[in-house]
Structure formats: structure tokens, C-alpha cells
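A.B. asks: Listed below are the residues making up each chain.
There are 2 protein chains.
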Amino acid sequence: MAGQDDATTTVPALLPLYAQVKARLVARIQTGDWKPGQLIPNEFALADELGVSQGTVRKALGEMTAEQLLVRRQGRGTFVQQHTPESMLFRFFNFHDAVGEPISPETLWAKARVCVAKPAERSRLRLAAGAQVVRISRVRGHGGRPFDHETIVVPHDLFPGLAETPEIPNTLYDHFQQVYAVTVTGGEEKLDAVVAGEREAGWLDVAAGSPLLRVERTMFSFDEKPVEWRLSVCAVANARYAVRLG
Amino acid sequence: MAGQDDATTTVPALLPLYAQVKARLVARIQTGDWKPGQLIPNEFALADELGVSQGTVRKALGEMTAEQLLVRRQGRGTFVQQHTPESMLFRFFNFHDAVGEPISPETLWAKARVCVAKPAERSRLRLAAGAQVVRISRVRGHGGRPFDHETIVVPHDLFPGLAETPEIPNTLYDHFQQVYAVTVTGGEEKLDAVVAGEREAGWLDVAAGSPLLRVERTMFSFDEKPVEWRLSVCAVANARYAVRLG
DNA sequence: CATCTTATATCTTATACAAGACTTGTCGAA
DNA sequence: TTCGACAAGTCTTGTATAAGATATAAGATG
Chain A
-9 MAGQDDATTT VPALLPLYAQ VKARLVARIQ TGDWKPGQLI PNEFALADEL
41 GVSQGTVRKA LGEMTAEQLL VRRQGRGTFV QQHTPESMLF RFFNFHDAVG
91 EPISPETLWA KARVCVAKPA ERSRLRLAAG AQVVRISRVR GHGGRPFDHE
141 TIVVPHDLFP GLAETPEIPN TLYDHFQQVY AVTVTGGEEK LDAVVAGERE
191 AGWLDVAAGS PLLRVERTMF SFDEKPVEWR LSVCAVANAR YAVRLG
Chain B
-9 MAGQDDATTT VPALLPLYAQ VKARLVARIQ TGDWKPGQLI PNEFALADEL
41 GVSQGTVRKA LGEMTAEQLL VRRQGRGTFV QQHTPESMLF RFFNFHDAVG
91 EPISPETLWA KARVCVAKPA ERSRLRLAAG AQVVRISRVR GHGGRPFDHE
141 TIVVPHDLFP GLAETPEIPN TLYDHFQQVY AVTVTGGEEK LDAVVAGERE
191 AGWLDVAAGS PLLRVERTMF SFDEKPVEWR LSVCAVANAR YAVRLG
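As you go down the protein sequences, you meet chains A and B in turn. Letter by letter, the first sequence follows residues -9 to 236 in this note's numbering. Letter by letter, the second sequence follows residues -9 to 236 in this note's numbering.
No lab work stands behind these hints, which were simulated from the structure alone. Heads up, some of the hints might be wrong.
Straight-line distance between alpha carbons at most 27 Å, and here's what the computed DSS-like set of lysine-lysine pairs gives [stated by the list, open to error]: (1) A/49 to A/180; (2) A/180 to B/101; (3) B/180 to B/101; (4) B/49 to A/49; (5) A/180 to A/108; (6) B/49 to B/25.
It should be emphasised that the depicted structure is a prediction, and the values quoted were computed from it without experimental measurement.
Start from the sequences and build out the full structure, keeping to the hints where you can.
C.D. replies: Written as C-alpha cells, this is what we have:
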């Protein structure tokens, strides 16, 4: 270790060195210093610049790769993870068909409005009273039949103009990243079962009283910052929600 | 690398050295050479014994820790992961109450029989025609009300005498490990929604036509060997199935 | 009770070679 | 000259090794 302020050498260091390095590198992605798809400097260059050894940088990069923030390719280099419609489907979408193949629904119809956030939405998205949100309502289909209805709520601050987008993209998170520089890093889903009321029956073309899977989803960006809240009701005639238990 | 047969040095090695080391260490757990809860030799002893460096052993142990096969404690040593009722609840049980706390259901009633496996069960458990299984039917409750009904099917070969166990344990996997030396390493769940029929309504004390969450679970031991198939229907009045999206 | 010792995992650095991917240079044929 | 094939070179990540410093836990000692 060479030209580094003494803070980390004198103080017992609250965090291991590799974790500090990781935090600094994550920050570069978070601030947009490094953009999605970009090639970042190699291990030796980073080690040199940060004043640590190559092995320490390697450990930081390894964890970031495990968290899907980076993609490393032998012989090529290290790149900032870039969302694509395909990758989003695999990462965050847990519905599979009878054979076990992931299903990819297409949008049947959608509409978006800017409104004042309701209390439940404010709580989920950690917004102040009176904050505005974009509320998207859409029905998606699969195999020629309606599959689910979603109500998607995002802060208007983060996504200005989203409501006026002529065609709401089918996969939103790559759009969020490309257009609004908001990277979705993870989230959580809560599931329960409901029976279709008149409204849901109309949306999904099923009989009232049919069983539906209800999925409540909250997605986060860096620092667990909530960026989307979504409530879906899904007709699970030919689909299963699949989870790997680790 | 020192005293090692030339196989790995001359041949380009089909697998990286650390992966070979890992495979050998996993095998020791799988065969019962190392038992759950046992303290295993430290990194230097293993490196010495296997003829590799300490760093290579470390990488293997690190992956095994990530897969929850081992538990490492600084200053203490490395131990083989041991299932307990509590740990099982956190690892494989995804139901939470309204506050987000994991719920812990108690068994209301259960019965077990030995039968010939049905085709669907044979397929899930990869059993030969005519193979016997133990089929457990039970209702579990939570907060004074019935929570779910489960049909659990396991190969009779693996768990002889399970059907005659006077009281089927509430958490099965730690029992599997302690009594039958079968370690459950992972699994998968597939969810959909159903409406309660007469039978389910009776089990769960809900009205017929109520929405229920149906969970089909297959659990695996080492080498993805299926050891349990389970079909549950859950009354989700005060419970949510929660999933972390990574 | 406080302190020392020991054993362990964890962290950091350093070096070397292997393997993959791209670039450049060389050579020969058309 | 132009094109293509092939070899060589170079940059990158991946793997393997070695050695030292630090943090944590448990037991022994005073």
C-alpha cells in the first residue's frame, strides 16, 4: 500500500480494505461515473489508482460480480452490468409455463397517469406527503390469452415524462436504466391468493370466482432505495410461480 | 504444489484445482465421513493433506460456506452445517405474517402410511415402478387457526420406519438429518392459486370457494437427488409468501 | 478477575503462470 | 495490390502459491 491517506492505516478500519474498495467502486456506478455497458479499468490499473494490491481489488470486483453489478469476461475485461429485456426476464420474473420454460408476456393494453401518491404508496416508496407518482395500469397476455393485470407505481421525481411515453415498454427496468439512469438492483415479492371479482374477471377473461395469484412487488435501487411498487393479479391457468430454495 | 500424483499436473485438469478440492470435501460430508456439527481440520492441515496450498483450500471452503454446507467462525474453526428446527424455518420456509416476521406453524394433526408410489410421485422422486413411499398427510396451524394442509411423500427406502414414528416432527429436515443421515441441501417450489373445495374447506376451516395458495415443493440432497415431494394448500388469511428477488 | 498464550479464521500483499480474446505481422496466392 | 490464412504478440481475467499481519475465541496462568 502506498500513497493513501492515513485514515485506513492508523484507524483499525471499520470495514476491511476490500469492502472499502468495493464501496468506492459501487459509488462510481451509482453516480454514473461508470455507465452500464462500459468497460472499466483492469485490476492492476484500479489497484494502482486506489493504492491497494491487485488481490484486494479482485476480491471487491468478485463480490460486485456476484451481486450482478459487473460482468467479467476472461480476455476481454470487466464491464458494468447492463439491463436488457432478456436479462430482466430471467432475473426478476418467476413465472414459468408447464414445461418449466420462463414465459414472456406481451402488453395487451396500458395506460399511465400522474397522480398524488396514496398513503400506502407513500409508505412503500418512502415518499413525502403530497408527492406525485406515475401510476401505470396494464394487462399483459401470454399464449393468446390475458395473463395478468398490474398496477405499477413509481415516483414521478425519478421518472419525469414516463406517463407521456407513447408506448410503455413491456420490460420496464431496462427502460428505467437507459432513459432515466435508474438501475434496479433487487426487490421483494409477497404472494397470496384471491378470487377474481368482476373487475379482475373482465381484465383477465376468466369467470368471477376463479382463483388468482396476487403478487405485490417492491423494487430497489442502490442503498435499498425503493423505486417501484407493483400489485399484480395473475391468471395461473398455464403458469406457475417458481422459486428456488437455497 | 508438492507430493501429488502427476494426473493434475500433466493433464490440463478438467476442473480447476479448487473445484476438485471442493468436490473431495463435499464428498466427505456426503459419505458421512464428516458429520453435521463436527469440527473439520483447519485450512493448513487440509492443504497439507491434499497437497495443495492453503489459498486453494480457502477458495473451496468459501464456496461450500456460501452453499451453507459449512459454517466458519473466526477464532473457533470450520464446522459442518447442522440443521435445527429454527434454521430450517429461516432457510426453506417463506411464509411471513403481516408484520413480516416468519411464522412457525404447529402440527394440528398428522397421519403417515407406507404405500406404493403413484406415477406422478415416482416421476418427481425418480423412483422405479413399484417403489414404496411414505405418505404423510397433516394439517398445521398458526395463531389458533388451521394454516395449511400438506401431503408429503418421501421414498420409503431412505426413511424406513418414518411412518411408524409416534409423533411426526413439525420440522422434518432436521429429523431427516439426525435420524436418517439425509441432508436436504435445497429445493424448489412452484406456486399457484386454487379455490377451496369441500375437503380443503374442512381441513382449513374456511368457506368452500375461498382462495388458497397451492405450493408444490421438491427437495433435494447432494447431487440434486430428490428426497421429498410435497403438495400444500395454504389459507393465506394472515400470511404472505415472501420472496427476495436478487 | 485480569492477562497471557495459543489456535483459528480473516485480511492483505506479492508473484507466477494458464487461458481466452483481440490485434498485429507475415506470408503466400490470386 | 489485395485478400485470406496463419502465427506471433499482447492484454485481460482466472488460477495457484506463499507469506505475513490482524481479529476473534477459548483456555491457561497469574
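A.B. asks: Each of the hints needs a verdict: does it hold here or not?
C.D. replies: Against the structure, the hints come out as follows:
1. Restraint check: the Cα-Cα separation between residue 49 of chain A and residue 180 of chain A comes to about 33 Å, which exceeds 27 Å; the hinted pair is violated.
2. With a CA separation close to 31 Å, the supplied pair residue 180 of chain A and residue 101 of chain B exceeds the 27 Å bound.
3. For the proposed pair residue 180 of chain B and residue 101 of chain B, the alpha carbon gap of about 24 Å is at most 27 Å, so the pair holds.
4. Taken as a hint, the residue 49 of chain B and residue 49 of chain A pair is honoured in the structure, with Cα atoms around 12 Å apart against an allowance of 27 Å.
5. As the CA atoms of residue 180 of chain A and residue 108 of chain A are separated by approximately 20 Å, the hinted pair is consistent with the 27 Å bound.
6. Restraint check for residue 49 of chain B and residue 25 of chain B: the C-alpha separation of about 21 Å stays at or below 27 Å, so the hint holds.
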